[in-house]
Amino acid sequence: MATPLVELKDISISFGGVKAVDHVSLDLHAGEVVGLLGHNGAGKSTLIKILSGAYQKDSGEILIEGKPADIRSPRDARRFNIETIYQTLALADNLDAASNLFLGRELTNALGFVDDGRMEAETAKIMARLNPNFKKLKEPVSALSGGQRQSVAIARAVYFNAKILIMDEPTAALGVHETAMVADLIQELKKQGLGIFLISHDTREMLELCDRVSVMKNGQLIGTERVEDVTEDDILSMIIMGKKPEAA
Amino acid sequence: MSDVTNTATPKRKSFIQTLELDTRLLGMIGAFVLICLVFNLLTDGRFLTPRNIFNLTIQTVSVAIMATGMVFIIVTRHIDLACGALLATCSAAMAMTQTAWLPEILGIGLGHPLTPWIAIAVGVVIGTVIGAFQGWLVGYMAIPAFIVTLGGLLVWRNVGWYQTSGQTIGPLDPTFMKFGGINGTLGETWSWIFGAVAVLAALYGLWSSRRTKLSHGFAVKPLWAEFTMAALISGGIVGFIATLNSYQIPERRLARMFAARGEDMPEGFTASYGLPISVLLLIAIAIGMTVIAKRTRLGRYIFATGGNPDAAELSGINTRMLTVKVFALMGALCAISAVVASARLTNHSNDIGTLDELRVIAAAVIGGTALAGGIGTIHGAILGALIMQSLQSGMAMVGVDAPLQNIVVGAVLVAAVFIDIVYRKRTGAK
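As they're listed, the protein sequences go chains V and W. According to the numbering used here, the first sequence is numbered sequentially starting from 520. According to the numbering used here, the second sequence is numbered sequentially starting from 380.
Chain V extracted, bound-state conformation (with noise of 0.2 Å):
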């Protein structure tokens, strides 16, 4: 089999004696999905943020493509061509679409100023193939509706050539016909190669989108299984009881 795309190995992390994440090991392919499901609190969006660069991991190793990563800020996540659609969104409100796109990778000119124009015209071309009624590019993403704010945390992630893209609860703020736009891309996304990291509480969804799914209890990993190899209810009773389905 090929080198994983990612690989993370034995990872722990712990707030004030809680073991968020404990001993946790995983592995993602490039064109492939893995979910990653559990309760509130069972330690997906702790694993990610680690891989993501929003937090440092106490222990472990993080191997992108076979070589350690040494991953301890979202700039560092981001030279590994790692994006991240945060559940929160993190959406400067106050801010227009282009500007949030561009974050922390502005355009600028031969000056060294930002390049509005530019940045908003890129902006209209990517929101064009994403979301074709994103027509207010002018307007702080404040005014904007839930899916549309969704259109501009998912148009940054894939803007800048992701190699390795984080989906936390991708379409939970999110309408049918939205999810299901949601749905399309994630398949596009695939067939392009890239390797998704998808967090969600709707199992079935799950087993529709990923590849594998991981299930996380009390900060450790249940285990990973193939979809085609699970029911919805093996998977429940990993999510519940933390216990793996008895093979028949």
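Do not rely on the hints blindly, as some may be mistaken.
Label pairs and their in silico Cβ distance ranges [claimed, not checked]:
| hint | chain 1 | residue 1 | chain 2 | residue 2 | range |
| --- | --- | --- | --- | --- | --- |
| 1 | W | 589 | V | 711 | 54 to 60 Å |
| 2 | W | 677 | V | 711 | 56 to 62 Å |
| 3 | V | 711 | W | 675 | 56 to 62 Å |
| 4 | W | 526 | V | 577 | 27 to 33 Å |
| 5 | W | 525 | V | 748 | 53 to 59 Å |
| 6 | V | 626 | W | 589 | 16 to 22 Å |
I should point out that these hints are in silico values taken from the structure, not numbers from a laboratory. For glycine and all other residues, C-beta sits at the position ideal for the given N, C-alpha and C.
On the provided structure of chain V, position chain W as indicated by the hints.
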């Protein structure tokens, strides 16, 4: 505004919408004009004389300079209660540099060509370092800015006191005092030249912004709207210069100036003050700060951090270092304000800049800076400072009792913020 555009036909826009004017800014200008007209009526036309307008502008400069820095501080969700005290420390250091330290160390005194510049450099360095230190306490040590600068308010005012042993230091260097206002103006010709350059720069700005929009295929205003804007801006600049230029230097003062040069004043000679250098300094700072806010990464990060600190952090912005930079910038501006304030008074006194922190915060807030962070403009803060100063000196001219003056200013501050909250709700929380 959004419901209007959704329901009405999109083609029909109001006059103001077509000009793409900020309605909030218009409201503030309206309030300012109203204040001026009311005071003009109450003072039988004395408020809007060239002389009073001249005085009003030079009285506003010191607070307005600091208010531009306060915008960045408040936008990043901090506060600076120490700016008046920091002004005093910088002012004391600059006064001591001119009158005591330079004569002692380098043997150069007042009137030496290097004296004012060394003094200003000393002040700006001290201001920047103290500002950066406060920013470090806020950003890296995570002490709330309110506490750091409340402590700073006590510390820096009295550091200033120690430097001068509580004495008033003066007179200051003559070149230094040119930054104060009445002692340093451009005169009629140079004021007009400056006005012409400003008009040309404004026209170029309008033209290049239209060209940029067209090059990316974005919608532009109709040409008549561009010309209306150009006419409004040019008219404003020319009117301002004309007003300042029509303030004549009093005859006796002119005679003294000629006498000082050992000449006789020609019969019927007149000259006007023109644009004060301090106002020129404020304009330069306003432009510089606006460029930082709108066209640099630093400015973009300041507003992003104010809008959502977590998002800024997750986007790879070093928000701690940003706090240091913002406070350092504020410190430098306090030092520049100290130059203007002490030069205007022609000396350094212990109580210089007392309560300025509150005037500066009020100016920024009246100018539309939201204490919740993320929102604020430089021109708004300067207009806010002008409104505060007009109220204060207008009431003084009318003869309102001192306690009543402060009561009115305080009430206006609260009312202005209330009106702003109502306005933002109506227009959809911009």
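Against the structure, the hints:
| no. | hint | verdict |
| --- | --- | --- |
| 1 | W:589 - V:711: 54 to 60 Å | violated (39 Å) |
| 2 | W:677 - V:711: 56 to 62 Å | violated (35 Å) |
| 3 | V:711 - W:675: 56 to 62 Å | violated (34 Å) |
| 4 | W:526 - V:577: 27 to 33 Å | holds (32 Å) |
| 5 | W:525 - V:748: 53 to 59 Å | holds (58 Å) |
| 6 | V:626 - W:589: 16 to 22 Å | holds (20 Å) |
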